[in-house]
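Asks: Here's the letter readout for the chains.
Number of protein chains: 2
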Amino acid sequence: MKSRFAGTLCIAALLVGCSSTAPTTTPSPVSSATPRLVPAPASMTMSGGDPFTIAATTTIVVDGSNPQAARTAELLAAVLRPSTGFPIPVTGNSGAGSIALRLAPDRASLGDEGYELSVTRDSVRIVAYRPAGLFRATQTVRQLLPPSIESDMKLGGVPWTIPALSISDQPRFAWRGAMLDVARHFFTVDEVKQYVDLLALYKMNVLHLHLSDDQGWRIEIKSHPELTTVGSKTQVGGGPGGFYTQADYADIVRYAQDRYVMIVPEIDMPGHTNAALSAFPALSCSTRPSVLYTGTDVGWSTFCVENEGSYALIDDIVREIAAMTPAPYFHMGGDEVHVLKPAQYQLFVERVQDIVNKHGKQLIGWEEILQSRLKSSSVLQQWRNDSLPGALHSGGKVIVSGARKTYLDMKYTKDTELGLTWAAIIEVRDAYDFNPGAYVKHVSESDILGVEAPMWSETVRNISAVQFLAVPRLQAIAEVGWTPQSVRNWESFRERIATHAPRWNFLGVNYNRSPQIAW
Amino acid sequence: MKSRFAGTLCIAALLVGCSSTAPTTTPSPVSSATPRLVPAPASMTMSGGDPFTIAATTTIVVDGSNPQAARTAELLAAVLRPSTGFPIPVTGNSGAGSIALRLAPDRASLGDEGYELSVTRDSVRIVAYRPAGLFRATQTVRQLLPPSIESDMKLGGVPWTIPALSISDQPRFAWRGAMLDVARHFFTVDEVKQYVDLLALYKMNVLHLHLSDDQGWRIEIKSHPELTTVGSKTQVGGGPGGFYTQADYADIVRYAQDRYVMIVPEIDMPGHTNAALSAFPALSCSTRPSVLYTGTDVGWSTFCVENEGSYALIDDIVREIAAMTPAPYFHMGGDEVHVLKPAQYQLFVERVQDIVNKHGKQLIGWEEILQSRLKSSSVLQQWRNDSLPGALHSGGKVIVSGARKTYLDMKYTKDTELGLTWAAIIEVRDAYDFNPGAYVKHVSESDILGVEAPMWSETVRNISAVQFLAVPRLQAIAEVGWTPQSVRNWESFRERIATHAPRWNFLGVNYNRSPQIAW
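Protein chains in written order, with the working numbering: chain A, 39 to 557; chain B, 39 to 557.
Bound conformation, chain A alone:
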């Protein structure tokens, strides 16, 4: 997760025949022959030769001794087989007409997620330093094929061609995340996997799950079953709510791992804890009774921060979640606590930081945790303020989630049925046209881990509604996080993303027909 785009790659992603070694800041408009990749790659050169065509004899070649690379090859085959109807075996034997995935241990400069992709009439060749880079490259291959490659049913008469080109690509930021609030409304495992699928297609690599809030507790904790037997039973609007068993969570983690999406669990505290406190009212120092809640007020619930029982419970929660989370992070929330004194809040965060570290994880918290003494390993998630004078806490990193740019639950226009407006109204261009490296005052690009787009779910009850708010702003954020700033261009994006709508239709992805996009 430490790769950072740097160097002298040709990054004029949208130019045909590019050979410059310096950033090109004014890309040409997209021509009809140019692939419409999102996010735009750092560098792409059209070679002008005959395309590669997937045929009955096409194979995917991978060194089977690396199970991660082999898994990526199988996932690519699973996309290509149904629509083409070809067998597309995954094999160790290279040959003509193959799509070759190769790990190159000597190519450290490609970073954890970078790759090179070379397409000629005879072959598709992918080289990466790490398996994640191979996976990212396969998503480029998907987007280079016609949208109908996504069909689950065999289609005849489609030329399954990939244009002849060379791409050299790696992400600008190590962290390109989305957050899904599964607390205000519960989303099924199947729905979460659909969101992972969408992130993966656009080379995003973090799904931050907001697993608890006033309205619901969504993750089984075996040492405290009351959290779910009591705290999971409703949601905003009064629906039945729900929760993930530990087996469900493991299923989500595995599914995401296969797609190089890291699941980052958040248990929001000391505030936003009414659901937990409805199970353990003795730990509540809230201003209202701890009963199940289906409204949308914030800031009123809190653990009693002087009660040692709170920390015993939190220790158990962090221990169980940390044990089933491969990611090195645990997100403690920490936002919007309106009913504690500053000293109480500061001490609480520091104690939770110790608990999280004890269980082998780095702490993440929303920007409010900056009030506490943070370790350099702890990560700050900016959201409300565009100025964080104390952000450079001993070298700690920052995730940029400015609510006026990245909050996918803000309305597109004042007339958007779903979503809120408290931070901003965010049309697609607003989400696209900002530079996270220069967005937060007193935070320089080197302090920034990356960018994340949260989806709070007060107004959205199912994944189709989530997609209606997310797509295509999620794709804008994906490009903000991946593509070099100098390569990014709104006019290009609005034309490229328009061509993705048929792909979303094949995949069953709802989206907003923003008039800003050149559909």
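Keep in mind that a hint or two might mislead.
[What the hints assert, rightly or not] Computed footprint of chain B on chain A, listed as stretches where at least three residues anywhere in the stretch have a Cβ under 8 Å from a Cβ of chain B:
1) 332-339
2) 537-547
[Said to hold, decoys possible] Every beta carbon over 12 Å from chain B, so not counted as near; a handful from chain A, in silico:
3) Gln106
4) Ala108
5) Ala138
6) Arg140
7) Thr283
8) Pro319
9) Arg326
10) Ala361
11) Pro366
12) Pro427
13) Asp471
14) Ala476
It is worth saying that the hints were derived from the structure and are not from the lab.
The beta-carbon is built from N, C-alpha and C at its ideal position, and this holds for glycine as well.
On the provided structure of chain A, position chain B as indicated by the hints.
Replies: Positioned in the frame of chain A, the structure of chain B alone reads:
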């Protein structure tokens, strides 16, 4: 399920101030003040007075001694409470400002699903003969309120008004169904419930679940666990498939019952049985080996119809499913058997008819079963032919599902990404502009139980994709089935249904932006 529209109601559903007692065949265009109900009610009269306004003091009044009526009142309250933020208690005490639901045992002429709805400034009064009629009326109330009534979050500043009017309404046909093929692709319980929600909003009353096919067996049979342990493990395109436990099925049945949607289970046989035969290959007389299959060919698999083991298995399957199905029907499929002799097929259907009857259900089958000797209780589902000379099998009834009109898996246009074209390309108007009472040659309206819109799922992998193909053609079929033919009018429909898009956005329902609709 026997109500049938007949009589002298004022059925000029779209006219303001209608008082005619004869059908009006040329309704006026919709005016901006007219409610945009779908399906159009049999009769609606705008009274021109002040509207009813839902306020903090509004109550829902129902006689609590009828649990079904009380449940309908609670479901209405569950729609109204989140968006208005008002308590809206359900009570037995009538008073000013109430929405009153009343069963009238002396109003048999309203039929099982008919209702009268009267709205004045002071009250909303609903009268029905049966609880189903109360429920249908509450869906009219939903549609009379602004789309934002569907919000799960409290909204301020919306006038929660219902226009002053009188509606007298009942369905043309007793059977207004949709079929969902959960075999070619599996859909989760949550997704099936979303489809039930959509049917209920449009007064449809049957969800026919196609629970088995060559690609998957989707329902737990406790006496033969192999059906799911083997036969459920994949789907078209090679995804993981899935199945409903009996508890899942019971959950779906209960959820649908609350909304007066009847679940009709289909186990397709003797063909379309490869998934079952992959579990019991000894019962296969198929032309190919019985191994898991993810393609989309049809007609090649079959039970050995001379093997008594086939009937023993079928008996167990029908027994278990019948026991957990409140509907009086069991659908045996029976379509597209290309590998049996006519005499073999005929005998098979007759033996299954006996098994189904033995377990207390009426048989339904696709039109091919007409080749057999059918009892008058057995129901024929027309699909391929628009002429059924032998349809009047001893007074048996017919469900009209003409593939060229009602198959929701046909493309809207040749460019629609999802769907097929083998039967037709069906734009919204094609689905709307047909009269099921006069559609099938040699079948008169009195022989017709109703209309059903199947959704075969070769090309659709999730509920959002289902909705993209279904909406708004499903609504067209809903009106075909509910509204008197003389009241139906395409120009009116295309304007009315356009106003439903904001409601779908609130609900997270994907839809096709057909250019035929006046969005």
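Asks: Run every hint past the structure and note whether it holds.
Replies: Evaluated hints:
1. 332-339: Coverage by chain B holds here, the residue count being 3 at a Cβ distance below 8 Å.
2. 537-547: holds (count 6)
3. Gln106: Fine: 20 Å to the nearest Cβ keeps A/Gln106 off the interface.
4. Ala108: The assertion about A/Ala108 holds, with a minimum of 17 Å to chain B.
5. Ala138: holds (23 Å)
6. Arg140: A/Arg140 clear of chain B: closest Cβ-Cβ about 25 Å, beyond 12 Å.
7. Thr283: holds (15 Å)
8. Pro319: holds (24 Å)
9. Arg326: About 16 Å separates A/Arg326 from the closest Cβ of chain B, which puts it past 12 Å; holds.
10. Ala361: holds (26 Å)
11. Pro366: About 29 Å separates A/Pro366 from the closest Cβ of chain B, which puts it past 12 Å; holds.
12. Pro427: holds (34 Å)
13. Asp471: holds (25 Å)
14. Ala476: holds (34 Å)
Consistency with the previously given hints is maintained throughout, with no hint failing.
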